[in-house]
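Visitor: Per our numbering, the sequence shown starts with residue 4, numbered consecutively.
Calculated directly from the structure, the hints in this document are not laboratory data.
A virtual CB, placed ideally from N, CA and C, is assigned to each residue, including glycine.
Certain hints may be false.
Calculated lysine to aspartate or glutamate pairs in the DMTMM-like style (CA-CA distance at most 20 Å, straight line) [claimed, not checked]: (1) Lys68 / Asp14; (2) Lys68 / Glu22; (3) Lys68 / Glu21; (4) Lys68 / Asp42; (5) Lys68 / Glu29; (6) Lys68 / Asp39; (7) Lys68 / Asp17; (8) Lys68 / Glu25.
Across the chosen pairs, the derived CB separations fall in these ranges [to be verified]: (9) Gly71 / Asp14: 28 to 38 Å; (10) Met40 / Gly73: 27 to 37 Å; (11) Gly73 / Tyr12: 19 to 29 Å; (12) Gly73 / Ser9: 28 to 38 Å; (13) Gly71 / Glu20: 18 to 28 Å; (14) Met4 / Arg59: 16 to 26 Å; (15) His70 / Arg13: 26 to 36 Å.
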Amino acid sequence: MSIISSPRYRDLYDGREEECLEALRERFLDQVPSKDMFDVYQEALTAGWGLFEVRRAIDALVAEKAHGAGADPC
């Protein structure tokens, strides 16, 4: 199981949203088939990512996974 890394800085900075997405990517892909997705969400918040950053990252990862599976965009 992968660990979600913390943001480099506490305050906002250029590239933070993309960094959050990458921080969640491997952990998300580890957990997405299971009912434990809420754990990934909680781990990201505990690691220091903001609520809306985590939600945007998860939304992007869901869309990415759906696209990879050949689904039409939502």
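Visitor: Are the hints correct? Go through all of them and say.
Guide: Cross-check of the supplied hints:
1. Lys68 / Asp14: violated (29 Å)
2. Lys68 / Glu22: holds (18 Å)
3. Lys68 / Glu21: holds (16 Å)
4. Lys68 / Asp42: holds (19 Å)
5. Lys68 / Glu29: holds (12 Å)
6. Lys68 / Asp39: OK: Lys68 and Asp39 at ~17 Å, within 20 Å.
7. Lys68 / Asp17: violated (25 Å)
8. Lys68 / Glu25: Since the Cα atoms of Lys68 and Glu25 sit roughly 14 Å apart, the hinted pair holds (cutoff 20 Å).
9. Gly71 / Asp14: 28 to 38 Å: Given a distance of about 33 Å, which is inside 28 to 38 Å, the answer is holds.
10. Met40 / Gly73: 27 to 37 Å: violated (21 Å)
11. Gly73 / Tyr12: 19 to 29 Å: Distance hint for Gly73, Tyr12 is violated at roughly 38 Å.
12. Gly73 / Ser9: 28 to 38 Å: At 34 Å between Cβs, range holds.
13. Gly71 / Glu20: 18 to 28 Å: holds (21 Å)
14. Met4 / Arg59: 16 to 26 Å: holds (23 Å)
15. His70 / Arg13: 26 to 36 Å: With a Cβ separation near 33 Å, His70 and Arg13 satisfy 26 to 36 Å, so the hint holds.
Consistency with the previously given hints fails for numbers 1, 7, 10 and 11, ordered from lowest to highest.
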